[in-house]
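Q: For this one, chain A is given, so just place chain B on it according to the hints.
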Amino acid sequence: MSDKTTSSNKSLLNDAGTRALIFQIVLLAVVVFVSYYLFSNLQANLANQGISTGFAFLNQPAGFPILIHLIEYTEADTYGRAFVVALINTTVISLMGIVLATIIGVIMGLARLSNNWLVARLATVYVETLRNIPLLLQMFFWYFAVLSALPSPKNSIIFADFFLNKRGIYSPNPLFQEGFGIVIAGFILSIIASIAVIVWAKKRQTRTGLWFPAYWASLGLIIVITFLALAVSGFPIEFDLPQKSRFNVTGGMVLPPEFVAVLVALSTYTGAFIAEIVRAGILSVNWGQTEAARSLGLKDSLTQRLIVLPQALRVIIPPLTSQFLNLAKNSSLGAAIAYPELVAVVMGTTLNQTGQAIETIGLCMLVYGTLSLTISMFMNWYNKKMSLTER
Amino acid sequence: MKSNVVKLLSTAAIAATISAGAAATTLEDVKKKGFIQCGVSQGVPGFSNADSNGNWTGIDVDACRATAAAIFGDAQKVKFTPLSAKERFTALQSGEIDMLSRNTTWTYTRDTSLGLDFTAVNFYDGQGFMARKDLGVTSALDLDGATVCTEQGTTTELNMADFFRKHNLSYVPVVVQKADEALAAYASGRCDVFTTDKSGLAAHRSKLANPGQHIILDETISKEPLGPVVRHGDNQWKDIVTWAMFVQVNAEEMGISSKNVAKIKKESNDPGIKRLLGAEGDMGAQLGLSSDWAYDIIAEVGNYGEVFERNVGPSTPVGLPRGINNLWTEGGVMYAPPVR
Numbered sequence: 001m002s003d004k005t006t007s008s009n010k011s012l013l014n015d016a017g018t019r020a021l022i023f024q025i026v027l028l029a030v031v032v033f034v035s036y037y038l039f040s041n042l043q044a045n046l047a048n049q050g051i052s053t054g055f056a057f058l059n060q061p062a063g064f065p066i067l068i069h070l071i072e073y074t075e076a077d078t079y080g081r082a083f084v085v086a087l088i089n090t091t092v093i094s095l096m097g098i099v100l101a102t103i104i105g106v107i108m109g110l111a112r113l114s115n116n117w118l119v120a121r122l123a124t125v126y127v128e129t130l131r132n133i134p135l136l137l138q139m140f141f142w143y144f145a146v147l148s149a150l151p152s153p154k155n156s157i158i159f160a161d162f163f164l165n166k167r168g169i170y171s172p173n174p175l176f177q178e179g180f181g182i183v184i185a186g187f188i189l190s191i192i193a194s195i196a197v198i199v200w201a202k203k204r205q206t207r208t209g210l211w212f213p214a215y216w217a218s219l220g221l222i223i224v225i226t227f228l229a230l231a232v233s234g235f236p237i238e239f240d241l242p243q244k245s246r247f248n249v250t251g252g253m254v255l256p257p258e259f260v261a262v263l264v265a266l267s268t269y270t271g272a273f274i275a276e277i278v279r280a281g282i283l284s285v286n287w288g289q290t291e292a293a294r295s296l297g298l299k300d301s302l303t304q305r306l307i308v309l310p311q312a313l314r315v316i317i318p319p320l321t322s323q324f325l326n327l328a329k330n331s332s333l334g335a336a337i338a339y340p341e342l343v344a345v346v347m348g349t350t351l352n353q354t355g356q357a358i359e360t361i362g363l364c365m366l367v368y369g370t371l372s373l374t375i376s377m378f379m380n381w382y383n384k385k386m387s388l389t390e391r
Numbered sequence: 001m002k003s004n005v006v007k008l009l010s011t012a013a014i015a016a017t018i019s020a021g022a023a024a025t026t027l028e029d030v031k032k033k034g035f036i037q038c039g040v041s042q043g044v045p046g047f048s049n050a051d052s053n054g055n056w057t058g059i060d061v062d063a064c065r066a067t068a069a070a071i072f073g074d075a076q077k078v079k080f081t082p083l084s085a086k087e088r089f090t091a092l093q094s095g096e097i098d099m100l101s102r103n104t105t106w107t108y109t110r111d112t113s114l115g116l117d118f119t120a121v122n123f124y125d126g127q128g129f130m131a132r133k134d135l136g137v138t139s140a141l142d143l144d145g146a147t148v149c150t151e152q153g154t155t156t157e158l159n160m161a162d163f164f165r166k167h168n169l170s171y172v173p174v175v176v177q178k179a180d181e182a183l184a185a186y187a188s189g190r191c192d193v194f195t196t197d198k199s200g201l202a203a204h205r206s207k208l209a210n211p212g213q214h215i216i217l218d219e220t221i222s223k224e225p226l227g228p229v230v231r232h233g234d235n236q237w238k239d240i241v242t243w244a245m246f247v248q249v250n251a252e253e254m255g256i257s258s259k260n261v262a263k264i265k266k267e268s269n270d271p272g273i274k275r276l277l278g279a280e281g282d283m284g285a286q287l288g289l290s291s292d293w294a295y296d297i298i299a300e301v302g303n304y305g306e307v308f309e310r311n312v313g314p315s316t317p318v319g320l321p322r323g324i325n326n327l328w329t330e331g332g333v334m335y336a337p338p339v340r
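Listed in order, the protein sequences are those of chains A and B.
Heads up, the first sequence is in my numbering, so the first residue is 1 and it goes up one at a time.
Heads up, the second sequence is in my numbering, so the first residue is 1 and it goes up one at a time.
Next up, chain A with everything else stripped away, as it sits in the complex (with noise of 0.2 Å):
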């Protein structure tokens, strides 16, 4: 009976899984609309003002010229040349920053939970110094403080062929002569077995429970490989040496001070919140842990190691990825003190002679998107290895 009077009522608006499509398709209908409509009122202004659209001027040549790159660039190259340096020197500011800050932040984690007074109350300062204080004045404070300090190109510090000045650090260049492919052969080679070596003493201990110290060994190895490949190829390197000139030191390899700047900067704020993280990620073990360590007679090191340190990971991992991504992000402060990064070529130089603010700002945020979201995927992954597994 009672069946029947639900079914004369059941309409189609009245079933749940039709009225959950409907308001899927209006909700759909309502994004396409509007998206349509922002970026159709954008075109009709652009044309009407006479602004110029698309990204025909990545083409274009540049003009201008960049302090740092990585790849060969002159001011002939085009403007999507210049885009590749600064992403370049984005990247790989980030990715030295967040080896360095995780450096730092282990080191200074560690410093806080020390015995020793002293450690511990100088790790406590520099936390609380270096989080307390704007990035950007930190950086201004780094590359001013490092130009005044040192001295002018004339009176440069030297050491042997290094040379240290306010215009950066010169070293020997070295020049890749013929033959120096057997090095890398050698060097790729040493790689392998170094690989080998590791995955074998593993097996080995899991059989028969005898240690080996395979990381010194794998170390060794690519150190003697390498070394016999450079002697029978007969040192293929040459070295340009840094040598003054009238204004500079010219020649060799130069570190700016605003890469030295920009990565100090990025890697001391950092490392101050990952100590705290880390410091909180080792006293989530508790304590019990470390006795039971001790009393199956483990090294002090070991139990650092094996027992707390997995356990204090998957605590830390989950806030280290968002350290890691606000460093990549906080990269673009380095603008300010002309390391040339992605903000300060494309969104300054470029979008200020092409004047094209929409697509040169649209390619940023991709960027920064992208170079987002593959370290949250990386570090996504990371911690699903270290998580509990369940047995």
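If you are wondering where the hints come from, they were derived from the structure by calculation, not from laboratory data.
Mixed in with the good hints, there may be bad ones.
Straight line, CA to CA, 25 Å or less: simulated DSS-like cross-link-like pairs of lysine-lysine [said to hold, decoys possible]:
(1) 32(B) <-> 86(B)
(2) 133(B) <-> 154(A)
(3) 329(A) <-> 178(B)
(4) 244(A) <-> 133(B)
(5) 133(B) <-> 207(B)
A: Okay, now just chain B, sitting in the frame of chain A:
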């Protein structure tokens, strides 16, 4: 039903687009809100600079004031938006400001592809270099291998590259986001040379700790005609800004200044002067302005010579000679079309 929806959507879209396109003219907007929103620099002495009370002065500021005087008969009806070099065009394109008067160089690309129109030139400039005296540099051609500091987002960046390429000289570019930090980097010794427009060099040198230790090299490596900019497509507004400048140059040529303009309007028999000052005919109507628009500009802001002397002339801290910016009758290039 479906086709109805599509029709409705597309009609709405078209209507919205049209309404966005057919906005009121800039003059109507400005009259309605009662002031001009004018984009200026973040502080270049003599061009646009705010004192501790927030009062703006400078040649570029006076271009905005002259336009306000023409429209409202009151040169104070201007609000200023300080802009960095890289923000300035977007601010104008998006309508955030009504006119841009920020020592901006008139170039082909800017005039044709940015959706902007240049009006008149209020200062003829050229790019130069400033170096420390103790380097012993006398010519820009000695700069092979030098490190050069400059501000980002300007024609300076490109001129510098062109100059060094043309003369086959090597150099290290340090391009800093803001002028003040670029100057600080130069002052701290990061660079051997600081480059920007020569007027800017003089202004920046006056900010350094020991201005006497720095020289401005003789070479001028580029043409930098600076002037106010408006949005492309509003011809009436462009005419007003352009002629506000021309009136000042014509006034100087005719010997009319803020001090004698009232007397001359009453007494002059020269039909050219009578036309200009609105004593005869109604020249303002063609611009949508009152007949004493030019009179107000001269009375409130002064002629071009007065503006120059007051802001950047030899008696000011910037201390620039009149040079190329003199009237054409005095050996310069300031030459305005006649008001008739």
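Q: Please name the hints from earlier in the document that this structure breaks, with their numbers sorted from lowest to highest.
A: 1
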